[in-house]
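S.K.: Residues per chain are reported as follows:
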Amino acid sequence: MNAADVSPTRDATSLLDRQIPLGSWLLTAAPWLGLLLVMLGTRLYGLRTYPLDPHEASLAANAVAVVSGGDLSATDWAQPLPTLLAALSFFLFGPGDGAARLPSILASLALVPALALLAPVLGRKRALAAAALLTLSPTVALAGTRLDGAIVLVLLASLAAAALVREPSVSGAVLLGALLAALPLSDPLGWIVALTMLVLALVRFRGNGRILALLGTSALVTLALVSTVLFTRPSGLATFLGASWSALWHDHLAALGHRWTFPAIVLATDEVPNLIAAVTGAVVLVRERHVRWPIGLGLLVLLLVMLFGNGTRAALVLVAVATGVLGAYGLSAVMAHIRWSALLDRWNAAVLGMLALVVFIGLSLLGRLLDGPNDSLLAWSTGLVSLLLLFAVAFWVLRTLWPRASAAWTTPVVLVSLALFALAVRNTMLVNATTSYRPGTILHAGDASPGLVEVVERIRRASTDLTMFQFDPRDPTGGHGLVIVADRAVAQPFAWYLRDFPNLTIVESGGLASAVPAAQVVIAAPNDQAAVAALRPDLVWQPVPYRLAAPASLARPDWPRLAVGLVDPRAWREYVSFLLYRRVSMPTQPESVLVGLAPDVAALAGYPAVP
Amino acid sequence: MSTPALSRVARASVGLSQRLARPTVEQLAYAVIALLSFVTRFWDLGSRALHHDESLHTYFSWVYEQGNGYIHHPMMHGPALFHLDALAYLLLGSSDWASRVPAALFGVALVLLPAFLRGERFLGRWGALAASAFLLFSPSVLYFSRFIRHDIFAVVATTLLFICFLRYVERPERRWLVLFLVTGAFMLTTHEVTFVSVFILVTFVALAFAARVAPVLLATSGVALAIFGLLLVFFERLGVPGLPSIPWENPTSEAIVAFAIRLLTHPITLAAIGIGLLWLLWSWRLVARSKPPDQSWTAWLRQASPPGSVARALGNAFSDRFGLAWGTSIGLALFVTLYTSLFTNLGGLASGTFGALGYWLGQHGVQRGEQPWFYYLVMMPQYEPVAVFAFPIGAAVTLWGGVRTVLRGVPFPRRWQTTAFLAYWSTVMLAVLSWAGEKMPWLIIHISVPMCLLAGLLSGLVLERLEHEWRTWRPTQRRIALTLGSIVVLLLAQWYLAMTWLTAGPYDTTTSVAVRTIRAGSAAWLRFTWIPVLIAVILLLATTVDRGWRPYARTLALAWLSALLLFQVHAGWRLTYREGDVPRDMLIYVQTSPHVVQLTRDLERLSLELTGGLGLEIWYDSGTQWPMNWYLREFPNRRYFGTTISALPDHPPPVILYSLEFLRPETDTLLRGSYTAFDYPMRWWYPEETTYRAFAIAPELKTPSRQNLQTNQPPPYSFADVLRSIWRSIASAREPDQQAKLFRLVALRELPSPIGSYRFRVYVRNDLVPAFREARIDQPRLDAVLAAPPVPTEGERTG
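These protein sequences, in sequence, are chains U and A.
Just so we're aligned, residue 1 is where the first sequence starts under the numbering used here, counting upward by one.
Just so we're aligned, residue 1 is where the second sequence starts under the numbering used here, counting upward by one.
Hints should not be assumed to be uniformly reliable.
[Claimed, not checked] Residues from chain A that face chain U, not an exhaustive set, calculated with beta carbons under 7 Å:
no., residue
1, ARG22
2, GLU26
3, LEU28
4, ALA31
5, ILE33
6, ARG578
7, TYR758
[Said to hold, decoys possible] Coverage of chain U stretches by chain A, computed from C-beta distances (three or more under 8 Å per stretch; other residues unrestricted):
no., stretch
8, 110 to 121
9, 139 to 147
10, 185 to 191
11, 324 to 331
12, 335 to 344
13, 474 to 483
These are computed hints drawn from the structure, not numbers from a lab.
Beta carbons: idealized from backbone N, C-alpha and C, even for Gly.
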């Protein structure tokens, strides 16, 4: 033997030899893993369809500043935690849209295990049902693909809830304190969530001074560590408190009741399956005289969000999650009610099929009736008669089959469940889609227009042609030498996408006059264009789609019309149309900004070279 | 008859499914590493522009695949690459992506190779896992696993060869001997650096053999080398000229014969032969004396060397005639098949042996690139901090273990032989490549791979101990360990964040070249940023020194390792996936710019629009032929015109590509009459002068102005001058400005000066300029997700 001693792992069984019951684990965790995969798929699908919106771009710019040592924007330091997560992502993978949104995707995925942690409170099946509802919630899906802290807030709130219900312990208190502090670090709304949970924690741990002291210390240390970026930006804590409280006041507390309709509209449109499950859950809880707290939680969150949410994405996600938790009771009750094995019986299966047929024919008939004869009465009448005949036959068959089926009354429940599942899948898969209508929803209000990136790309190509060989240590590769001036009000996300242009200057609206004479590209709000054009008559102006807005019909609903619509079948059809296609009668045009280009830049960017 | 067989199959399949359902942690870890290595090697493989050398390799492989043959030339190294790439094109079609598939596959294999060294005498199980992880996260290995050069093939073959060697020494099984010989033959078809690997193996075996069975050989060899050295000095004093230069550039047979005669009759050669013969006779006599006269050499060797020693393995190998015959036959077949291009070019046998060696020894004097002796020394820490930290520790462990054994007579420490071999491999490879005239960044993987294996071995020792301790620790101790580890990572993160902030001052634009400054008033603060690092170091040292706290030192070492690995991800990801063709990195050197790929796409679109296919007529010159030969390979109407256009034809070609190197003003004037010009960089390069060349004096460089970029002192330079220049560089790091510049260069790749470029001009015929511009701009950038086409509703129709 050539060795003086032997490995310490040789005598005892090494960790490396430990067998992992992967097969049985997979079987046990299969539903959770399945949900994780679905969640990942829905979040990655269309991830980069929408460019970073101005708010995301501001956070991303701050994250780059953290990694590269730049100055932080004080106003955007209201959310240090998502900024730091993005900074870590940038450190590892470099700055970019995908890297900026990566932490949100991961937080979204972490929501599934976080709900699994809540299984002792909710029950395993209900936790699974909640995870399923949130996986297929378009609001949660959208938040999982945006760098705005909303999904981080929800994840932390779920984890804090899980930590709160655990038995008090030293490590639990430290963890809970850190999580509570992380809530406001994620989003200004987090102060309200953290305060609520702190009250609950004080109630739960009353009389246990050590635990409370640890909790408080942990919270303070977390606040200080994160907001000062590990104490490297000492003023960060004060800046964070100022920016966060200011945002909390201006965007939420002072905007009492502003956009109160948004959560309701989202629930009635994007989150319909979730809402129906929640209503079912409430009914089940009331009937079974079971725990009532989920109803209270749902109503409290809805009330608070309507009062203070101001229609922000974080507020909408909180509503979606609260609804999902309540809906879990409904979904699990419905799933328990359905005897799935009975559907394998041929008569039950036949009843289900016929019922589906009757519903489809009935809907078609209703549609034809509502559509009216228009110009061709004969064709309309013939179609109507045919559908009536078909409906009658199908209905007769259904009636004949019904008594033979052992679980006939289950079939309508199954049918409705399947329809809602299909709707949820569609809503979630297409939440990042771009159609002429889709951007005009509440969820996309504030998103950047996809067309914006095309304009940026044209500017980049023109810059390459004009300045390829203007080298500088700030631009060592050359090609980014265009002199660009951007109005601060509309600078983001242009500044983010043109961040490698050293001659990009962001100025206040009042400062445009002094900056534009040397500029080759000017990015200005429409109301500033005239002033700039007076100084630079040679610029070629190009309107650029900038930011999406909620359609007027959703932002300011016509309540009398909606009330009438409750009993008007024609309005139902419009509602279904919106539910499926997000059609609104008057789609809102995106907000525009104006990009002024010097003639040589305009020519190379593919725009007319004359003003 | 078939029932027992069937039941065996059924039992085997049940056994396999049970094993798959209950894998061990180790198997699962390897599965995850394999998956990650596959994803990291293959993801976005074709997006980076092909480097100049890559384009040569791919073009000639494509020509070969098209049935037009391949003739080996030493300039492009061995033939294995061309056969592998031709096969890739045959199976996958020719594209940038397909070109790199063989390299990526070998890259995946390299990551998994340490699994063969899981044995107790080698890396250990934890060590092998750690080594795989280090190879997975090594920026240089990752980058050049996605680069169609010979180095990845050579380094994989070298590693496998050494694995065969170590495994055979442990247990002389014939399969290792056969695989050793076959791998050796394959190595020779890859790259001439394998001669260095062979040298490393041979000298290590010789040293181990001599130390074990005939220590007197060490003395005789030392004396012989000393005499030869003295003779060299003597010849120099006498004014004897050096060895004749090798006629490496397209040599004629007469030139080769003349060179051979001059070489063989040169005093140095004659002296070397004479001393060598004397050494052989002397050594033989001394060794023969130690052997009883009636004993056979094999028996003597068996008696003198214990099982598991190199000497014993050597004896076993020479006595296994069958294994030797098999291995040699297969290896020879492989060698001949590849060098003769599947028996279509018999001259390849000569060019692949003497030709290759002569050519590359000749290149030593050419000093292509003219990189200094410290090239790899300054490059390695920027990308491979884990390997760089491990190397001196491994060398020290080897020395200490050896010295302890010799002085105290205790057995060699566990894994000493493997540690010694890896340390020797790393040291000699670093020394030889630093000495070689041509130093290129891709050669770094021949250094980083053994160092990564060494790092794996050392980490394995730490992990084994830690696993043992973890099992016996109380929960409080585990919490303390985790807390200490987290604190170290946070301290290092704090240092990074503080450094980035303090060094991010504004650019001073008053000088001719804008210079990044540090933040106002932060010069004094800069030294305080090192406090977190200092605390992390003290924590590590204190826990190492104190016996009671020593177990925690291993946790802290792993925390350091984790932080360094995070840095490697940071460096490797950007280098590989984001800026693989932008030379902000020292590892990139000279690279085809991405504009060339963009231009190719633009020309393809223009051609499709104008001709319905790739029939666009494109002329290109000598300066742009690489990589344009490759990129325009599918354009049948491409035309290479050399260096000059004196007149245009009646129907001028739509597009002309002209390098500025060969473009004369009168030609430019001629072309501008009918064409619009666009300038792009063809190749661009890392600014070496302003980044690292001033680190030390490099007296070996042939250009005097490049030898000393530090001071005004003229050549010649003494050894002391070189040492002083190194010290000046190290001392200058105390200055805040230098510290900031170095930090931002390494951590953020902020260059102090612009990158250099070789430019070319694209002439587009004036009538086609609008179409060309449209083709360039109309490029899809977003992956749009389209929903079902909406149908107008009643409300909209009326609205």
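S.K.: Run every hint past the structure and note whether it holds.
M.R.: To see whether the hints hold, each was checked on the structure:
no.: 1; hint: ARG22; in the structure: holds, 5 Å
no.: 2; hint: GLU26; in the structure: holds, 4 Å
no.: 3; hint: LEU28; in the structure: holds, 6 Å
no.: 4; hint: ALA31; in the structure: violated, 10 Å
no.: 5; hint: ILE33; in the structure: violated, 13 Å
no.: 6; hint: ARG578; in the structure: holds, 5 Å
no.: 7; hint: TYR758; in the structure: violated, 12 Å
no.: 8; hint: 110 to 121; in the structure: violated (count 0)
no.: 9; hint: 139 to 147; in the structure: violated (count 0)
no.: 10; hint: 185 to 191; in the structure: violated (count 0)
no.: 11; hint: 324 to 331; in the structure: violated (count 0)
no.: 12; hint: 335 to 344; in the structure: violated (count 0)
no.: 13; hint: 474 to 483; in the structure: holds (count 5)
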